[in-house]
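*Asks:* The chain contents come next:
2 protein chains.
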Amino acid sequence: MKKMKALHFDGQKMTFRTDYNNPKSGEALVEVNLAGICGTDIEILNGYMSYQGIPGHEFVGVVKESQNKDLIGKRVVGEINVGCGICESCKKGLERHCPYRTVLGILRRDGAFAQFLSLPEKNLHVIPDQINDEQAVFVEPLAAAFEIKEQINLKKESNIAIVGDGRLAQLVALVLNLSCQNITCFGRHKNKLELLKNLGIKTKIGIEPDDNQKFDLVVEATGSNSGFENTMKLIKPRGIVILKSTLASKKNIDLTPMVINEVTVVGSRCGPFRPAIHALASGMISVDNLIDSTYSLEKFQDAFEHAKKPGTLKILLKP
Amino acid sequence: MKKMKALHFDGQKMTFRTDYNNPKSGEALVEVNLAGICGTDIEILNGYMSYQGIPGHEFVGVVKESQNKDLIGKRVVGEINVGCGICESCKKGLERHCPYRTVLGILRRDGAFAQFLSLPEKNLHVIPDQINDEQAVFVEPLAAAFEIKEQINLKKESNIAIVGDGRLAQLVALVLNLSCQNITCFGRHKNKLELLKNLGIKTKIGIEPDDNQKFDLVVEATGSNSGFENTMKLIKPRGIVILKSTLASKKNIDLTPMVINEVTVVGSRCGPFRPAIHALASGMISVDNLIDSTYSLEKFQDAFEHAKKPGTLKILLKP
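The listed protein sequences derive, respectively, from chains A and B. One gets my numbering by counting positions in the first sequence from 1 and adding 147 to each. One gets my numbering by counting positions in the second sequence from 1 and adding 147 to each.
Careful, some of the hints might be misleading.
When chains are identical, the list treats them as one kind, so a pair holds in a single copy or across two.
Unchecked claim - For lysine to any residue, the following SDA-like pairs were computed, each having C-alpha atoms within a straight-line distance of at most 25 Å:
1) 239 with 299
2) 455 with 435
3) 380 with 242
4) 455 with 403
5) 211 with 280
6) 465 with 355
7) 216 with 338
8) 152 with 353
9) 302 with 422
10) 160 with 337
11) 150 with 425
12) 238 with 380
13) 455 with 155
Since the hints were made in silico from the structure, they are not lab data. Since we're looking at a predicted model, the values are computed, not measured.
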């Protein structure tokens with residue numbers, strides 16, 4: 148069996164390996180050009196999902212082997228959930244909610260921080276030439292931001308708040324900015340808020356009394372409990388909150404305002420790839436300002452240190 | 148100024164008083180026939196809402212004074228939220244979400260555990276003769292259960308779970324049973340589950356592995372963190388959860404399954420009185436089995452002790 152370079156997490160720590168077995172056959176084999184470090188990857192190193200294996204789920208690569216000959220040599224990105232194919236969810240096309248699913252780099256399936264990965268052919272999307280590798284890595288997280296548009300009916304004039312200014316918040320802002328004209332982002336980092344300001348989005352550091360219960364829709368994109376608390380302050384009675392990332396702590400979460408103000412909270416995870424690819428290919432959305440640095444796999448420790456620093460946006464890994 | 152009998156909570160303890168000032172004029176004056184003890188009243192005695200004054204918000208009474216002469220002598224129940232009348236919420240008819248509102252027996256407005264209470268005329272609903280006093284006390288909590296029908300689109304064949312078997316769960320079950328034929332109630336008390344079984348509702352003590360992610364809609368009606376945890380186990384990916392009561396504790400609330408399974412959680416509070424009155428008057432819904440005992444105001448300590456006992460349904464107070 149062929150061997151490859153990969154980052155491996157054993158549940159305790161991550162190591163760079165050069166002798167990792169190539170992914171098993173039966174699926175498309177993809178040579179990874181570039182992979183992105185996501186907040187979830189950092190959480191995984193802290194024990195999230197009790198994952199062991201190769202992390203990484205944001206990637207672009209080239210198909211090297213496939214039963215579909217048309218795919219070979221094509222540049223692709225991939226949907227990360229692989230369903231069982233026979234359960235009720237899978238039959239409805241909701242493989243991403245299959246209870247028996249594997250998830251690339253997150254759940255019982257080796258991920259993208261490696262020279263090669265494998266995925267079923269149906270998970271792959273060919274990337275047009277207009278999208279370069281650096282941009283293509285953003286398809287997966289951008290799709291997650293597009294999920295909001297699948298879940299709720301956005302109105303142009305809605306008063307929208309985004310809580311957070313990090314990677315996820317930036318992508319959410321880019322997507323909502325396509326349909327809505329009244330967006331305020333509550334963040335902490337001047338450099339990140341500056342990027343949003345350039346899009347015509349209002350930015351604020353800290354909530355003022357006037358902001359309380361002012362917004363029809365609030366997207367929580369910090370994953371912190373203080374972010375959730377602020378979200379509950381900002382949302383109007385009967386408003387809609389999108390919970391875009393899992394909260395790191397279970398302590399001190401007050402759901403009382405949710406009941407009293409009859410707020411609807413919508414959990415939101417992975418999303419549709421097609422609109423994300425279309426938005427990047429057409430230039431409707433640009434992610435070029437969101438990349439901080441690219442590291443080799445070998446330099447993963449520097450890469451993760453950098454990714455964890457406040458103020459950092461996207462860090463890429465090149466196998 | 149006239150004096151009346153009332154229960155008064157000073158923020159520390161509740162006392163029976165015979166020298167309480169009658170409610171101020173300018174609103175309809177209602178002589179209370181009967182009032183109900185709700186979970187919220189018990190929470191208020193534990194410090195909820197930092198309320199001080201006369202508690203009680205479920206009542207039926209007779210109008211004694213009013214600027215609307217047609218109302219005088221009429222038997223009424225009353226909506227408990229009194230808005231400012233001029234804010235954005237009030238203008239939309241959502242007085243119950245007015246940020247400056249008072250709430251009968253809950254927020255800056257003396258309540259129903261007294262001989263008299265006052266409310267604006269527009270808050271009152273005349274009760275038809277088919278509904279006796281014991282039944283009429285249930286209009287307010289039954290309206291809160293009807294709120295679910297206002298908030299989501301119930302389907303006849305939906306697989307529905309109710310978590311809890313107490314007062315609130317019973318009323319929710321009665322309402323959902325009007326439109327849905329596939330309801331399972333997860334409770335703890337045999338006597339309460341028996342009432343639901345008589346309605347044709349499936350009942351279970353404890354969740355079995357088979358129940359996980361089985362339900363399209365789950366109503367949390369326990370107000371306990373374990374109830375919330377069970378709710379998150381029962382709900383299908385992309386399902387809808389109704390949060391019908393505030394959780395007593397902020398500790399150990401895990402919202403992760405909400406994001407991963409893209410669950411929508413809808414906070415639900417007070418509801419529309421008209422369908423509740425109609426359901427009681429027409430006999431579509433019967434609450435006669437839900438009353439345990441009636442106590443005089445003087446015997447409030449016995450009444451609250453009884454209401455707190457596991458297995459108890461509704462306890463009424465007669466001024």
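*Asks:* If the cutoff is 25 Å on CA atoms, where do residue 152 and residue 353 land: within, between, both or neither? Let me know, please.
*Replies:* Cα proximity of residue 152 and residue 353: none, with 44 Å in one copy and 49 Å across.
*Asks:* Are the CA atoms of residue 455 and residue 403 at most 25 Å apart within a copy, between copies, both, or neither?
*Replies:* The answer is between: 21 Å across copies meets 25 Å, while 32 Å in one copy does not.
*Asks:* Go through the copies and call it for residue 302 and residue 422: within, between, both or neither, with a Cα cutoff of 25 Å.
*Replies:* Answer is within; shortest intra-copy Cα gap is 18 Å, inter-copy 31 Å.
*Asks:* Given a CA cutoff of 25 Å, do residue 455 and residue 155 count as a within-copy pair, a between-copy pair, both, or neither?
*Replies:* Within one copy only: 19 Å inside, 55 Å across.
*Asks:* Checking residue 150 and residue 425: alpha-carbon separation at most 25 Å within a copy, between copies, both or neither?
*Replies:* neither (36 Å within a copy, 73 Å between copies)
*Asks:* First find the shortest C-alpha distance between residue 160 and residue 337 inside one copy, then the shortest across copies, and answer within, between, both or neither for a cut-off of 25 Å.
*Replies:* neither (33 Å within a copy, 50 Å between copies)
*Asks:* How would you classify residue 211 and residue 280 at a CA-CA limit of 25 Å: within, between, both, or neither?
*Replies:* Answer is within: at 17 Å inside a copy they meet the 25 Å cutoff, but 77 Å across does not.
*Asks:* Can you give me the call for residue 216 and residue 338, within, between, both or neither, at a CA distance of at most 25 Å?
*Replies:* neither (46 Å within a copy, 66 Å between copies)
*Asks:* With 25 Å as the alpha-carbon cut-off, assign the pair residue 380 and residue 242 to within, between, both or neither.
*Replies:* between (35 Å within a copy, 19 Å between copies)
*Asks:* Reference check for the pair residue 455 and residue 435, CA-CA at most 25 Å: within, between, both, or neither?
*Replies:* within (20 Å within a copy, 61 Å between copies)
*Asks:* From the Cα coordinates, with 25 Å as the cut-off, is the pair residue 238 and residue 380 best called within, between, both, or neither?
*Replies:* between (40 Å within a copy, 22 Å between copies)
*Asks:* Is the C-alpha distance from residue 465 to residue 355 at most 25 Å within one copy, between copies, in both cases, or in neither?
*Replies:* neither (43 Å within a copy, 47 Å between copies)
Going through the hint list in order, the structure does not satisfy hints 6, 7, 8, 10 and 11.
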